[in-house]
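Visitor: What follows is the residue order along each chain.
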Amino acid sequence: QKEVEQDPGPLSVPEGAIVSLNCTYSNSAFQYFMWYRQYSRKGPELLMYTYSSGNKEDGRFTAQVDKSSKYISLFIRDSQPSDSATYLCAVANQAGTALIFGKGTTLSVSS
Amino acid sequence: NAGVTQTPKFQVLKTGQSMTLQCAQDMNHNSMYWYRQDPGMGLRLIYYSASEGTTDKGEVPNGYNVSRLNKREFSLRLESAAPSQTSVYFCATKREGLYEQYFGPGTRLTVT
Numbered sequence: 001q002k003e004v005e006q007d008p009g010p011l012s013v014p015e016g017a018i019v020s021l022n023c024t025y026s027n028s029a030f031q032y033f034m035w036y037r038q039y040s041r042k043g044p045e046l047l048m049y050t051y052s053s054g055n056k057e058d059g060r061f062t063a064q065v066d067k068s069s070k071y072i073s074l075f076i077r078d079s080q081p082s083d084s085a086t087y088l089c090a091v092a093n094q095a096g097t098a099l100i101f102g103k104g105t106t107l108s109v110s111s
Numbered sequence: 001n002a003g004v005t006q007t008p009k010f011q012v013l014k015t016g017q018s019m020t021l022q023c024a025q026d027m028n029h030n031s032m033y034w035y036r037q038d039p040g041m042g043l044r045l046i047y048y049s050a051s052e053g054t055t056d057k058g059e060v061p062n063g064y065n066v067s068r069l070n071k072r073e074f075s076l077r078l079e080s081a082a083p084s085q086t087s088v089y090f091c092a093t094k095r096e097g098l099y100e101q102y103f104g105p106g107t108r109l110t111v112t
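Residue numbers (the numbering used here), protein chains in the order written: chain A, 1 to 111; chain B, 1 to 112.
Rather than coming from a laboratory, the hints here were simulated on the basis of the structure. Note that the Cβ used here is the ideal one computed from N, Cα and C, for glycine as well. The reader is advised that the hints may include incorrect statements.
Unchecked claim - Partial chain B-side listing against chain A, Cβ under 7 Å, derived:
no.: 1; residue: Gly42
no.: 2; residue: Leu43
no.: 3; residue: Phe90
no.: 4; residue: Tyr99
no.: 5; residue: Gln101
no.: 6; residue: Gly106
Chain B with its partners taken away, still in its complex shape (with noise of 0.2 Å):
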C-alpha cells in the first residue's frame, strides 16, 4: 500500500521545455490536488479534481494544465518551462465527506 507515489523525484529542465509531473495513488480517494512550495510562500493549490472527469483551477493555475486520468491517476504538465516554475511540487489526494489531505514525497523540479 504505497499511498501517494509522484514521478520523478527530481528534474532539472532548460526553459522552454516541457514536462509531465505524475501522481498516482491507492487510497481510492476521489479527490486529488497539485500544490506548489516556494520558500518564504507556502503551500499554494495549482489545480484540483473532485472526481475522475473534473478538474478545477486553484490559486496558481497559469502555465500549467493537468488530466484526471482515472480515478487513481492525476498529471501535471509544464507546456514550456519557465524560471518562475523553479518549485517543489506535491500531489495530495482526499476521501469524500472529509476534509484531510494526504501527501505525497514531491516532486523537485529546477528550470535553468
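The following block holds chain A by itself, in its conformation from the complex (with noise of 0.2 Å):
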C-alpha cells in the first residue's frame, strides 16, 4: 500500500461548481499535511497546511483532515478557470524531514 494515495482523475467541472479533492494516508503517525497546486510546466505552489484535524479555511479554499480515517480533503467553493491545474496532496514523515506526495489530481474548470 502507498503511503498517500490520490486519485489522478482528471477531474472537469463546470465554472461555479464546488469541487472535493480528496487522498487517503497509511499512517496514522502522520499529523502534518498539505495541499499543493501545481500549474502546468511551473513548480509546485503552496496552497493551504493544517496540523491538525478539522477544518481550515482560506477564501475560496477549504482544506479538511480526518485523522480517524486517515483522509484529507481539499474543497473549492464557486471555482474558477484559474483554478485548472494539478492539486497534489502531502504529508510530513514522521522524523519531519522529508514530505510524501500523493500523485496529483489533474482539474480542469471550463467557462
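Starting from two chains that each stand alone, build the complex the way the hints lay out.
Guide: Okay, here's the thing in C-alpha cells:
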C-alpha cells in the first residue's frame, strides 16, 4: 500500500462548481498535511497546510483532515478557470525531514 | 526576493554526459531538497540536506550526487546521464521547525 494515495483524475467541472479533492494516507502517525497547486510547466505552490484534524478555510479553499479515517480533503467553492491545475496532497514523515506526496489530481474548470 | 531559483530551465544531454543542476535560495532556510517528477509517479525525493555540510539519500538517489555548497546553494550532479533520468527536477527549501516546503520553478532535462 502506498503511503499516500490520490485519485489522478482528470476531473472536469463547470465554472462555479464546488470541487472536492481527496487523499488517503496509511500511517496514523502522520500529523502534518499540505496541499500544493501546480500549474502546467511550473513548480508546486503551497496552497494550504494544517497540523490538526478539522477544517481550515482560506477564501474559496477549505482543507479538511479526518485522522480517524486517515482522509485528507480540499474543497474549492465557486471554482474558476484559473483553478485549472494539478493539486498535490502531501504529508510530513514522522521525522519531519521530508514530505510524501500523492500523485496529484488534474482539475479542469471550464467557463 | 527571488525565493528559490534553479538553473538551467531546460537541458538536453546525450547518454553518458554529465551535468550539474543548480539551486539557490534567499529565504534563509536550513533544509534543501531535490525531487524528480515523472508522469504517473508524482514527486519523488532524490536527496536532501538538513543543514550546511550534511546530505542524506531520499527515495531515488541512484545515479545522482549532491553538494550543499553553503546555506544558500544545493547542487545536483548527474555523472553519467541515462535516458531513465529524463524528468523534471525541482529544488525545494524548508524552514527549521516547520514542515512546509517551497519549490523552485524546475529544470526540464531530456537525456537522449
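Visitor: Please go over all the hints and tell whether each is borne out by the structure.
Guide: Results of checking the hints against the structure:
no.: 1; hint: Gly42; result: 4 Å, holds
no.: 2; hint: Leu43; result: 4 Å, holds
no.: 3; hint: Phe90; result: 6 Å, holds
no.: 4; hint: Tyr99; result: 4 Å, holds
no.: 5; hint: Gln101; result: 6 Å, holds
no.: 6; hint: Gly106; result: 5 Å, holds
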